[in-house]
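A.B. asks: Each protein sequence line maps, in turn, to chains A and B.
Quick note on numbering: numbering that gives the first Met the number 0 labels position 65 of the first sequence as 64, and the sequence is numbered without any gaps.
Quick note on numbering: numbering that gives the first Met the number 0 labels position 194 of the second sequence as 193, and the sequence is numbered without any gaps.
Everything hinted at is true.
Simulated DEER-style distance windows between Cβ atoms: (1) Gly65(B) x Asp117(A): 39 to 47 angstroms; (2) Ser259(A) x Lys151(B): 36 to 44 angstroms; (3) Lys151(B) x His200(A): 15 to 23 angstroms; (4) Leu291(A) x Thr186(B): 55 to 63 angstroms; (5) Gly16(B) x Val143(A): 54 to 62 angstroms; (6) Ala21(A) x Ala128(B): 41 to 49 angstroms; (7) Ala128(B) x Trp87(A): 37 to 45 angstroms.
These aren't lab readings, by the way, just hints derived from the structure by calculation.
Remember, it's a predicted structure, so these values are computed and weren't measured experimentally.
Think of the CB as a built atom: it goes at the ideal place given N, C-alpha and C, for glycine as much as any other residue.
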Amino acid sequence: MSKWLTPRSLLGVVLIGAALVALPFVAAMGGQAWVRILNFAILYVFLALGLNIVVGFAGLLDLGYIAFYAVGAYVYALLASPHFGLHWPFWVILPLGALVTCFFGVLLGSPTLKLRGDYLAIVTLGFGEIIRIFLNNLNAPINVTNGAQGITLIDPVAIGGFKFAGTTQVLGVSLSGPQKYYYLLIVLAILVIIINLRLQHSRIGRAWQAIREDEIAAKAVGINTRNIKLLAFAMGASFGGVAGGIFSAMQGFVSPESFSLVESISILSMVVLGGMGHIPGVILGAVLLTILPEALRYGVGPIQVALFGKMLVDPESLRMLIFGLALVLVMRFKPAGLWPSPERKRELQEVL
Amino acid sequence: MAEALLEACAVAKHFGGVKALRDVSISIRRGEIYGLIGPNGAGKTTFFNCMTGLYIPDGGGFVFDGAPLLADAPHQAAERGIARTFQNIRLFANMTALENVMVGRHVRTKASVLGAMLQNAATKAEEAAIRQRAMDLLHYVRIEERADDLAKNLSYGDQRRLEIARALATEPKLLCLDEPAAGMNGTETAELRELIDGIRRDGTTILLIEHDVKLVMGLCDRVAVLDYGALIIEDVPAVVQKDQRVIEAYLGA
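Chain B with its partners taken away, still in its complex shape:
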């Protein structure tokens, strides 16, 4: 497979005395679906937050797309091409589904205050393009008929989809999904799996944090397992599944 899109080098993060991440080094290759699993509190979301700039790591760092990722401002991560969804869905609740996705276009568009006031041709064209692209993305995640509903009125599954559409609107190279299947039933999970697979086929690399081991093992090309903030193993699902340390971490020694 191709070279690494994201490389984490000895990333460490602690909160007081708690070592949430102990020198975690992983590498995500272009075009793959990479699973990050581990028991509750293993440090998966902390890793996510370090990568997307919400936390500043205490040690180590990331190389993304050939250049170091300066993790001091979250909006820069999005600019570089890292988009994420949240474990506890974070939509703009009182904006419509369409507007939510349109906000996602912010980082790839550039209309200024002056442009907005004057409504010159370039601004109008950009605005129309934003709207069109947002509609296309809603169609892509199959919730276009909910475009004009407020995000907070969408069903749980649709909210997850909307969050993915909003993340895709930033044209990410790496899409990070934080437990997208949490709280979903079997059918919804199957549909989600199809969606994620489709996104990968369309050329976006995916980092997936998930509790649903079946989903991860079925979907991911490679899987890393965290336990107590440390990386236990990084390999293809078939190997990870049989690894004694992983079984111990999940079932208790």
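So that you can see chain A by itself, here it is in the shape it has in the complex:
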């Protein structure tokens, strides 16, 4: 751990820290919408890192990951909204949501233990759809999820008397709601990244990678592949659950349509595009794929008007076109992702 204390790395940490603190104010110059986009970028970092455990570390292709985001979001929505008249505090619901999604992770994992590759992908895809369809239809006979209308008026996050919605003055600085959420998210993101890094370089992380590399050999050296795979599903799911809970609180509204298959696929794209199994790469993928499409959305219209005098192509469809093209180009020229893990040269002297 002593390598963290060199002046250079300390300087780096301070600079990155300062940039992260300043970011929401810079973004706010372009309007609060940009702060919200930043927040979503961080949420997607959570999701991509969670999926990275399943896909990147353990090598289990999961196309229904968004289901865990949905479960987390609905756990929060049901326990902190007028829908059931419950208003539990967020620090109770968030861990609870993580636990519930863990359970759903195991629920999805257990029937798929013997499946691999394409077959696993199809089953997980089905699972994702099942959850969404359930959410859509669980308004009868007992109204649990309020169906397609979704749940509204969800409580914002509040710690003690400090509410994360609305503008407040903190130490003489005016902070908007999204800006406050940004800081909450950054703190959680750092926590999530540390957990991921530690997991990767642990006994469990190595077992995940061993299963990805060769399941039979992993069994032969005594890895209980069933439990270790379920653990990957559960851990991955819990990150999705936490992200879902915050999403719920931030938006104040959830409905099943936020959790479509396209969302699962775009999270998978973040993982693959960034660099499967490599945490910094996955973070990069998540941030890029959240921010670039938004930048396009805001940029494409005005550019077209400036060039041709009128809107020729709908920005929304152009966005999908460019997104697809980017994916094809990356897969063609950087098949391991934008920022794949280097062939590590471990500093053995750290231990020996």
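Knowing the structure of chain A, use the given hints to seat chain B on it.
C.D. replies: Leaving out everything else, chain B in the frame of chain A:
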């Protein structure tokens, strides 16, 4: 010599109509190098797979280290103290040599997810011990200078050695080597022989499947010969070598 470490009692396995193993009964004594030979398709690897839990035998069973071996989950075999290498090398190709051996320590260590997240003192100490032990094992099989190379970039001979180091990392009582000399040249085979002999001297019993008859006869204390899934003979090399049935099995009647 000492009592049996592994006893196979009438182990049978068939795939459809093919009888891969016909009531094979052998017994491996503690501390010996036991050779299992036979022509291609005789059932050697099938026997291995039954023993290590990859296949479930259709009849018979194993007694290992004084208790029946419940061959329904491969990881349990490793837990009990049976480690193996594979005929077609199965390393974790995109992990470093060191990491491969560290994975081998999995079954003898116990850090949980929570420990990994919190990085408490016990977890850190265990992790350091895992790394140290893995380095020692790489040194033992003499590939420590390749520790940080990806397994797939190692030479063929080194990959064989790495697989043995990974198997040893599980602290086996019985080490099963499936054709470790396959594809090796004379020098490499001689070095391998030295390594296997060394492992036995350090107290591990070895079951060796091999085609190289010279290696088996020179190295093993006792040898069993399989042909068409049936045991022909189990005896010391000198007797086996002269046995008419063995000569027939190898040369054709």
